[in-house]
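Visitor: Here are the chains, one letter per residue:
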Amino acid sequence: MSHRRRRVLGEVAAWTLGLVLLVWALLPTYNMLLIALDEEGDTEYAGIIWPAEPTLDAFRVVLEGDYWYLQHFWLKFANSLLIALATMLITLVIGSLAAFALGRLKLMRGWLLGNFPVLTYAVPASFLVIPFYRIMRVYGLSDSLWAVIAADVTFATPYAILILQQYAKLIPREFDEAAQIDGATPWQIYRHLYLPLTAPALAAVGTFALLFAWNEYVYQYLLLTSERKMTVAVAIAQFFDADEAPWNYMMATAIVYALPPVAIFFALRRWMVAGLTLGGVRT
Amino acid sequence: MARDPALYLELLEDQRFVRTAINTLLYVGFGVNVMMFAALLLSGFFVRRQWWVRALLAIFLLCWALPAVPAFISFHWMLIGEQGLLDSLLRELFGIDGPIWFNDSWLALASNIVAHIWKWLPFWTLVFIAGRLAIPQEIYEAAAIDGAVGVRRFLHVVFPLLANIYVVCTLLATLWTVGDYTTVFLVSMGAPARTSEVLATLGMHYAFDAAQPELGVAAVMSALPVLVPLALILMRRLHAGAVEL
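Chain order of the listed sequences is V and C. For the first sequence, our numbering begins at 1 and goes up steadily by one. For the second sequence, our numbering begins at 1 and goes up steadily by one.
Calculated from the structure, these hints are not laboratory results. Think of the CB as a built atom: it goes at the ideal place given N, C-alpha and C, for glycine as much as any other residue. Do not take every clue at face value.
To be verified - Partial pick of chain C residues on the chain V-facing surface, computed with a CB cut under 8 Å:
{"hint": "1", "residue": "ILE59"}
{"hint": "2", "residue": "PRO67"}
{"hint": "3", "residue": "ALA71"}
{"hint": "4", "residue": "SER88"}
{"hint": "5", "residue": "GLU92"}
{"hint": "6", "residue": "ILE96"}
{"hint": "7", "residue": "GLY179"}
{"hint": "8", "residue": "PRO213"}
{"hint": "9", "residue": "VAL220"}
Stated by the list, open to error - Per label pair, the in silico range of CB-to-CB distance:
{"hint": "10", "chain 1": "V", "residue 1": "TRP146", "chain 2": "C", "residue 2": "ILE100", "range": "40 to 48 Å"}
{"hint": "11", "chain 1": "C", "residue 1": "ALA143", "chain 2": "V", "residue 2": "THR55", "range": "56 to 64 Å"}
{"hint": "12", "chain 1": "V", "residue 1": "ARG137", "chain 2": "C", "residue 2": "ALA143", "range": "42 to 50 Å"}
{"hint": "13", "chain 1": "C", "residue 1": "ILE139", "chain 2": "V", "residue 2": "ALA14", "range": "22 to 30 Å"}
{"hint": "14", "chain 1": "C", "residue 1": "ALA143", "chain 2": "V", "residue 2": "TYR139", "range": "51 to 59 Å"}
{"hint": "15", "chain 1": "V", "residue 1": "LEU75", "chain 2": "C", "residue 2": "ASP14", "range": "36 to 44 Å"}
Turn these sequences into a full structure, and let the hints steer you where they fit.
Guide: Set out below in structure tokens:
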């Protein structure tokens, strides 16, 4: 009897926790919708919790680039997309090659090097933005998307190497040895054995790099100066510069900007959990 | 850029810098530890196999997939005073007058911390879910026979097995949170009167608003005596973990 009661109590607690988490997770998103659907864009001063006369007009303005800050919206969107995709691809290539070399090839004193990449994080990305700004000017990369991509890759790769290395430990070394006996070169082992077997971790790391670039703001803001190189993240934050900005346009832009990563995330979600295993537990 | 020792004396004389250093300490200390512990507990909830828990996990992970700039701007508008969504909700549902969040430096700092946790909690929860799923089922079964269920199982089975992952993730999260610029820049915007800044935002302020890039770099570099040892411990931990397991 008491066992059953405890079970019921547990269920009730789980549902309560679930409800709290639901509100916690959705409240800021709901706030975005509330403001974006408002007609005048002054919801935040009206103190309402429900859109009085919802309209999709703000989305139309965004998609047509019909406002001063939203000129060339699709160009900015393409810039954001290019930065994110390039960051993802380059991080995957560098990360998987480095993790393969450090973890699978028997380098002399490889373990010394093995965990070295995380030392990058000793100086956080945002602390390095001022030096980066100077360096990119010296390189002639000021106002170039590649400057942002280079910065993003720098800070996404160490984590990528870490995850890939940990994940690859689950692949028995005998596989490599068997392939070697069959005459496979390291390159062939990398392509035909390492890459397919680390696929879940690659999906996790790729998503991580993509979201990293999509989240990043300060490098895009400082390294890209001209209107045509600007990204959506910078365009959104720019609304704060105006005194009387239409916040509904700002939020509609924000929602459109949030769609691609959400879509990609849900496409790759199944792989994520398997891929993020940090060493795990082996017995 | 930040070689000149005089810069550090200049920083120490600036009241704002002292307050910012304290803020950063609180921001990272509370932000990271509350976040990691919550993530560890929530990962236990999310490994349940009911359909609605899985659906909830998908919604919960949305916070992480949502880009930082839109999410934090939404937080900013949600807390913007009596007319923001949160205070409006408090008034409509419970009849409480909520505080004006950005008028008090401690409340503003707390808002930043909550926003940061909101954004990154799902990521670490996911990492711990992966860690928990890697624990073989037999260990749970053996522990259950020995009487370790519920809280006891968590304390004596799950936690020791996840301890190394927990430490590694906490160190990583600490290093990332110290460098967090976007949250404070967009949620509280340093209000009121630049008393809720952290090192990352203050450094940028010195460098670009006050046109003193050297001072800005010096401000953020002052965190290095803490950050470098943390990174070294992280490296050692990763290495130790590899040998142990």
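Visitor: So, for every hint listed, does it hold in this structure?
Guide: Going down the list of hints, with the structure as the test:
The closest approach between the C-beta of ILE59 (chain C) and any C-beta of chain V is roughly 5 Å, which is under the 8 Å cut-off, so the hint is satisfied. Proximity of PRO67 (chain C) to chain V holds as hinted, the smallest CB-CB distance being about 5 Å (cut-off 8 Å). The interface hint given for ALA71 (chain C) is met, as the beta carbon of that residue sits about 6 Å from the closest beta carbon of chain V, less than 8 Å. Residue-level restraint check for SER88 (chain C) holds (minimum Cβ-Cβ distance to chain V is 5 Å; threshold 8 Å).
Taking 8 Å as the C-beta cut-off, the interface hint given for GLU92 (chain C) holds, the closest approach to chain V being about 6 Å. The beta carbon of ILE96 (chain C) comes no nearer than 14 Å to any beta carbon in chain V, farther than 8 Å, and the hint placing it at the interface is violated. Hint on GLY179 (chain C) holds. Least Cβ distance to chain V is approximately 2 Å, under the 8 Å limit. Hint on PRO213 (chain C) holds. Least Cβ distance to chain V is approximately 5 Å, under the 8 Å limit.
Hint status for VAL220 (chain C): holds, given a least beta-carbon distance of 4 Å to chain V, under 8 Å. As the Cβ distance of TRP146 (chain V) to ILE100 (chain C) is approximately 44 Å, the hint placing it in 40 to 48 Å holds. Between ALA143 (chain C) and THR55 (chain V), the C-beta spacing of about 57 Å keeps the proposed range 56 to 64 Å intact. Between ARG137 (chain V) and ALA143 (chain C) the beta carbons are some 59 Å apart, a value that contradicts the proposed interval 42 to 50 Å.
Between ILE139 (chain C) and ALA14 (chain V) the CB atoms are about 23 Å apart, so this pair conforms to the stated range of 22 to 30 Å. With their beta carbons about 57 Å apart, ALA143 (chain C) and TYR139 (chain V) fall inside the hinted range of 51 to 59 Å. Taken as a hint, the range 36 to 44 Å holds for the pair LEU75 (chain V) and ASP14 (chain C), whose Cβ atoms sit roughly 41 Å apart.
The structure fails hints 6 and 12 (numbered hints given earlier, in ascending order).
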